[in-house]
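If you're matching positions, the sequence shown starts at 3 in the numbering used here and goes up one per residue.
I should point out that these hints are in silico values taken from the structure, not numbers from a laboratory.
Glycine included, C-beta positions come from ideal geometry on N, C-alpha and C.
It is possible that part of the hints are untrue.
DEER-style ranges, computed between Cβ atoms [said to hold, decoys possible]: (1) D15 - L96: 28 to 34 Å; (2) V92 - A11: 37 to 43 Å; (3) R91 - L17: 23 to 29 Å; (4) S111 - L65: 19 to 25 Å; (5) D104 - L150: 36 to 42 Å; (6) K4 - S111: 38 to 44 Å; (7) A171 - E130: 46 to 52 Å; (8) S80 - T137: 36 to 42 Å; (9) E142 - G20: 42 to 48 Å; (10) V71 - V92: 15 to 21 Å; (11) N125 - V173: 52 to 58 Å; (12) K135 - L17: 22 to 28 Å; (13) A11 - H83: 49 to 55 Å.
No more than 27 Å apart at the CA atoms, straight line, and that leaves these computed lysine-lysine pairs for DSS-like [what the hints assert, rightly or not]: (14) K153 - K132; (15) K4 - K66; (16) K42 - K135; (17) K154 - K66; (18) K135 - K118; (19) K154 - K132.
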Amino acid sequence: AKYPLAVIAKALDVLMPGFLIAYDIGCILEGTIDRSSLRKLFRERDAVHHHLNIIKGMGLEDLKTLKRVFSASNQVASVTHYMSKYHRRVLIDLFFCQWDEDKYANLASMLHNNYKQALHIINVDGPELKCVKETFEVQEGDLERWRLEQKKYFLALGQEPEGHALKIAYVERLQELHDTE
């Protein structure tokens with residue numbers, strides 16, 4: 003867990019507030035940060051985890067692109083394991099240069115597909131959303147309120163609601179008393 007902490011430390015130092023960090027071990031990473039010296043600064047920046055569909059401006063990105071890049075780059079690891087530092091860096095650089103060339107070659111079709119998807123959302127999903135909002139009498143403010151409620155829900159996941167621990171302890175004591183009688 004040291005590598006993600008190093009990434010978080012650098013991001014907190016260099017990037018402006020409001021940056022987005024996605025890590026595949028998000029829940030575990032947040033616990034690691036909470037137990038580290040980064041906790042205070044991380045919390046001051048309100049850098050708590052959020053589900054991607056409640057982050058304004060996130061759009062349709064699912065952050066799988068980075069996962070695919072690094073997954074593919076794992077193939078380089080077995081080859082570079084016994085290389086010198088210099089040759090390892092050269093091979094890694096060659097890998098990412100080739101990756102870039104492959105992606106640039108497909109850039110036009112990717113942009114075209116994204117454009118088609120955006121038009122579909124605007125022309126098909128937009129009117130459907132308007133119809134559903136009218137049918138169920140949902141206002142724009144309701145959508146924002148629901149987004150905030152969902153954010154609050156995600157932040158509370160894994161936390162025991164207040165009073166539950168006392169109720170459970172009370173029932174356990176009653177069972178102990180019953181068992182002793």
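Checked hints:
Between D15 and L96 the beta carbons are some 30 Å apart, a value that agrees with the proposed interval 28 to 34 Å. The hinted window of 37 to 43 Å between V92 and A11 is violated, with their beta carbons roughly 28 Å apart. For R91 and L17, the hinted distance range of 23 to 29 Å is satisfied, since their beta carbons lie about 25 Å from each other. Take S111 and L65: their Cβ atoms lie about 21 Å apart, and the range 19 to 25 Å holds.
Look at D104 against L150: about 41 Å separates their beta carbons, and that is inside 36 to 42 Å. The hint said 38 to 44 Å for the Cβ distance between K4 and S111, and at roughly 39 Å that hint holds. At about 49 Å, the beta-carbon gap between A171 and E130 stays in the expected band of 46 to 52 Å. Between S80 and T137 the beta carbons are some 56 Å apart, a value that contradicts the proposed interval 36 to 42 Å.
Between E142 and G20 the Cβ separation comes to about 23 Å, which falls outside the hinted range of 42 to 48 Å. For the pair V71 and V92, the supplied restraint of 15 to 21 Å holds, since their beta-carbon distance comes to about 19 Å. The hint said 52 to 58 Å for the Cβ distance between N125 and V173, and at roughly 56 Å that hint holds. At roughly 36 Å, the beta carbons of K135 and L17 sit outside the given window of 22 to 28 Å.
In this structure the hint that A11 and H83 lie 49 to 55 Å apart at CB is violated, the actual value being about 27 Å. With a C-alpha separation of about 23 Å, the suggested pairing of K153 with K132 holds against the 27 Å cut-off. Proximity of K4 to K66 is assessed by CA-CA distance (about 22 Å); at most 27 Å being required, the pair is judged to hold. Using a Cα cut-off of 27 Å, the hinted pair K42 and K135 is violated, with the two alpha carbons roughly 41 Å apart.
As the CA atoms of K154 and K66 are separated by approximately 25 Å, the hinted pair is consistent with the 27 Å bound. For a cut-off of 27 Å, the pair hint linking K135 to K118 stands: about 24 Å separates their Cα positions. Restraint check for K154 and K132: satisfied, since their Cα atoms lie roughly 26 Å apart, inside the 27 Å limit.
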